Amino acid sequence: MTNSDEHESLESFRNSFSYGSRTDLDFKFLKSLTDDQAAAFLQDVLRKLGNAYDSGDAQPLIEAAYEAQVAGYMRGPGAPPPRHAFEDGPFTRLDKQLGDARVGLLTTSGHFVAGDDPEPFGVKAMTQEEAVARISESLRDTPVLSEIPSDTATSDLRVRHGGYDIRSVLKDTNVAFPIERLRDARSEGTVDELAQTFFSFPGATSQGRLRRELPGWVERIREEGTDVMLLVPL
Amino acid sequence: MSVGHVGRAIEESGIATVTVMVKAFEHRARELKVPRALIVKHPMGRPMGAAGDIERQRAVLNAAFDLVESSTEGATVVEFPEAYRPRPLDA
Numbered sequence: 001m002t003n004s005d006e007h008e009s010l011e012s013f014r015n016s017f018s019y020g021s022r023t024d025l026d027f028k029f030l031k032s033l034t035d036d037q038a039a040a041f042l043q044d045v046l047r048k049l050g051n052a053y054d055s056g057d058a059q060p061l062i063e064a065a066y067e068a069q070v071a072g073y074m075r076g077p078g079a080p081p082p083r084h085a086f087e088d089g090p091f092t093r094l095d096k097q098l099g100d101a102r103v104g105l106l107t108t109s110g111h112f113v114a115g116d117d118p119e120p121f122g123v124k125a126m127t128q129e130e131a132v133a134r135i136s137e138s139l140r141d142t143p144v145l146s147e148i149p150s151d152t153a154t155s156d157l158r159v160r161h162g163g164y165d166i167r168s169v170l171k172d173t174n175v176a177f178p179i180e181r182l183r184d185a186r187s188e189g190t191v192d193e194l195a196q197t198f199f200s201f202p203g204a205t206s207q208g209r210l211r212r213e214l215p216g217w218v219e220r221i222r223e224e225g226t227d228v229m230l231l232v233p234l
Numbered sequence: 001m002s003v004g005h006v007g008r009a010i011e012e013s014g015i016a017t018v019t020v021m022v023k024a025f026e027h028r029a030r031e032l033k034v035p036r037a038l039i040v041k042h043p044m045g046r047p048m049g050a051a052g053d054i055e056r057q058r059a060v061l062n063a064a065f066d067l068v069e070s071s072t073e074g075a076t077v078v079e080f081p082e083a084y085r086p087r088p089l090d091a
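For the record, the sequence lines run as chains A and B. Quick note on numbering: the first sequence equals residues 1 to 234 in the working numbering. Quick note on numbering: the second sequence equals residues 1 to 91 in the working numbering.
Check before you lean on any hint, since a few could be wrong.
[Said to hold, decoys possible] When the alpha-carbon atoms are kept at most 20 Å apart in a straight line, the in silico SDA-like pairs for lysine to any residue are as follows: (1) A:LYS31 <-> B:SER71; (2) B:LYS41 <-> A:ARG158; (3) A:LYS96 <-> B:GLU69; (4) B:LYS41 <-> A:ALA65; (5) A:LYS171 <-> B:GLU12; (6) A:LYS171 <-> B:VAL78; (7) A:LYS96 <-> B:SER13; (8) B:LYS41 <-> A:GLU63; (9) A:LYS96 <-> B:SER71; (10) B:LYS41 <-> A:THR142; (11) A:LYS96 <-> B:ARG85; (12) A:LYS171 <-> A:ARG158; (13) B:LYS41 <-> A:ILE62; (14) A:LYS31 <-> A:ARG134; (15) B:LYS41 <-> A:LYS124; (16) B:LYS41 <-> A:ARG75; (17) A:LYS171 <-> B:ARG58; (18) A:LYS124 <-> A:LYS96; (19) A:LYS96 <-> B:TYR84; (20) A:LYS171 <-> A:ARG134; (21) B:LYS41 <-> A:ARG134; (22) B:LYS41 <-> B:GLU26; (23) A:LYS171 <-> B:GLU55; (24) A:LYS31 <-> A:LYS96; (25) A:LYS31 <-> B:GLY52; (26) A:LYS171 <-> B:GLU26; (27) B:LYS41 <-> A:GLU67; (28) B:LYS41 <-> A:VAL113; (29) A:LYS48 <-> B:TYR84; (30) B:LYS41 <-> A:MET74; (31) A:LYS96 <-> B:GLU12.
[What the hints assert, rightly or not] Sample of chain B residues at the chain A side, in silico, Cβ under 10 Å: (32) MET1; (33) THR17; (34) PHE25; (35) ASP66; (36) SER71; (37) THR76; (38) PRO81.
Keep in mind the hints are simulated off the structure, nothing from the lab. The model shown is predicted, which means the values in this text are computed figures rather than measured ones. Ideal Cβ placement from N, Cα and C applies to all residues, glycine included.
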């Protein structure tokens with residue numbers, strides 16, 4: 001919206017939440033809704049907000065936003081076919097009990113250890129805001145796999161990712177990088193041991209370049225002697 | 001969808017994988033034939049559960065482990081039954 005004399009359309013309003021004048025990554029799905037879906041969503045949220053004035057219960061608001069987000073990401077009947085699809089999936093059976101297994105972690109949350117910043121585009125200490133602003137460049141870039149020792153203190157973890165809202169993750173790493181929950185599982189004997197090194201990278205990256213990096217990544221991951229890998233995409 | 005390619009490559013190398021994905025990504029799990037997908041009914045950016053909700057984070061992790069032990073073929077998709085909740089006030 002550049003000309004204040006013009007009325008802003010609902011479409012322009014919706015789109016502005018996705019890397020626009022109103023960027024809010026929790027609500028970038030508004031761009032993917034139709035005008036009718038977006039109008040119904042906003043009406044529903046306001047009605048439930050009115051209810052919350054009396055009840056104090058935000059859960060119905062949260063559920064309305066969740067359902068609209070799922071609808072925004074669903075592939076509609078008229079959508080083009082997916083760019084990446086496979087007929088069947090690989091399968092490796094776990095040949096031991098989980099309590100005897102060594103477990104690893106890889107997330108696309110964009111975590112790294114303080115002092116080991118992957119420095120995208122050569123930028124030192126890039127902020128989350130800059131990562132969001134440079135999302136288009138990230139989507140054409142080669143991903144860097146960060147190595148995170150599994151005994152890293154959570155206070156030494158950093159996170160940056162231009163594709164999702166990191167507010168929750170900043171409050172609690174385990175929301176997306178469940179390092180403490182895995183340490184709990186080891187302490188309780190649910191698993192035998194943890195890989196020495198966990199891994200993370202920002203998943204908003206070039207898919208072609210990612211696939212070229214994969215053989216090297218898999219070789220590195222195999223050095224950990226892991227039986228089971230927990231994967232968490234964002 | 002980066003994790004789909006990563007998960008397939010790791011699984012092909014002989015390591016069992018399990019992927020925790022929010023419901024908004026379910027179609028991608030099915031298209032990419034992710035080896036084992038646990039679908040959580042959480043908003044994007046909060047796959048394991050709300051900040052501070054240790055109980056939910058544990059339950060999601062245990063459901064992922066259960067899926068590793070119970071699955072008998074690739075592209076197995078299971079939904080975690082509980083809806084998202086903010087951190088319980090008494091936690």
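Evaluated hints:
| no. | hint | result |
| --- | --- | --- |
| 1 | A:LYS31 <-> B:SER71 | violated (37 Å) |
| 2 | B:LYS41 <-> A:ARG158 | violated (26 Å) |
| 3 | A:LYS96 <-> B:GLU69 | holds (9 Å) |
| 4 | B:LYS41 <-> A:ALA65 | holds (12 Å) |
| 5 | A:LYS171 <-> B:GLU12 | violated (35 Å) |
| 6 | A:LYS171 <-> B:VAL78 | violated (28 Å) |
| 7 | A:LYS96 <-> B:SER13 | holds (17 Å) |
| 8 | B:LYS41 <-> A:GLU63 | holds (10 Å) |
| 9 | A:LYS96 <-> B:SER71 | holds (13 Å) |
| 10 | B:LYS41 <-> A:THR142 | violated (31 Å) |
| 11 | A:LYS96 <-> B:ARG85 | violated (34 Å) |
| 12 | A:LYS171 <-> A:ARG158 | holds (12 Å) |
| 13 | B:LYS41 <-> A:ILE62 | holds (12 Å) |
| 14 | A:LYS31 <-> A:ARG134 | holds (19 Å) |
| 15 | B:LYS41 <-> A:LYS124 | violated (36 Å) |
| 16 | B:LYS41 <-> A:ARG75 | holds (17 Å) |
| 17 | A:LYS171 <-> B:ARG58 | holds (17 Å) |
| 18 | A:LYS124 <-> A:LYS96 | violated (44 Å) |
| 19 | A:LYS96 <-> B:TYR84 | violated (32 Å) |
| 20 | A:LYS171 <-> A:ARG134 | violated (24 Å) |
| 21 | B:LYS41 <-> A:ARG134 | violated (29 Å) |
| 22 | B:LYS41 <-> B:GLU26 | holds (10 Å) |
| 23 | A:LYS171 <-> B:GLU55 | holds (16 Å) |
| 24 | A:LYS31 <-> A:LYS96 | violated (46 Å) |
| 25 | A:LYS31 <-> B:GLY52 | violated (30 Å) |
| 26 | A:LYS171 <-> B:GLU26 | violated (26 Å) |
| 27 | B:LYS41 <-> A:GLU67 | holds (9 Å) |
| 28 | B:LYS41 <-> A:VAL113 | violated (29 Å) |
| 29 | A:LYS48 <-> B:TYR84 | holds (17 Å) |
| 30 | B:LYS41 <-> A:MET74 | holds (14 Å) |
| 31 | A:LYS96 <-> B:GLU12 | holds (18 Å) |
| 32 | MET1 | holds (7 Å) |
| 33 | THR17 | holds (5 Å) |
| 34 | PHE25 | holds (7 Å) |
| 35 | ASP66 | holds (9 Å) |
| 36 | SER71 | holds (8 Å) |
| 37 | THR76 | holds (8 Å) |
| 38 | PRO81 | violated (15 Å) |
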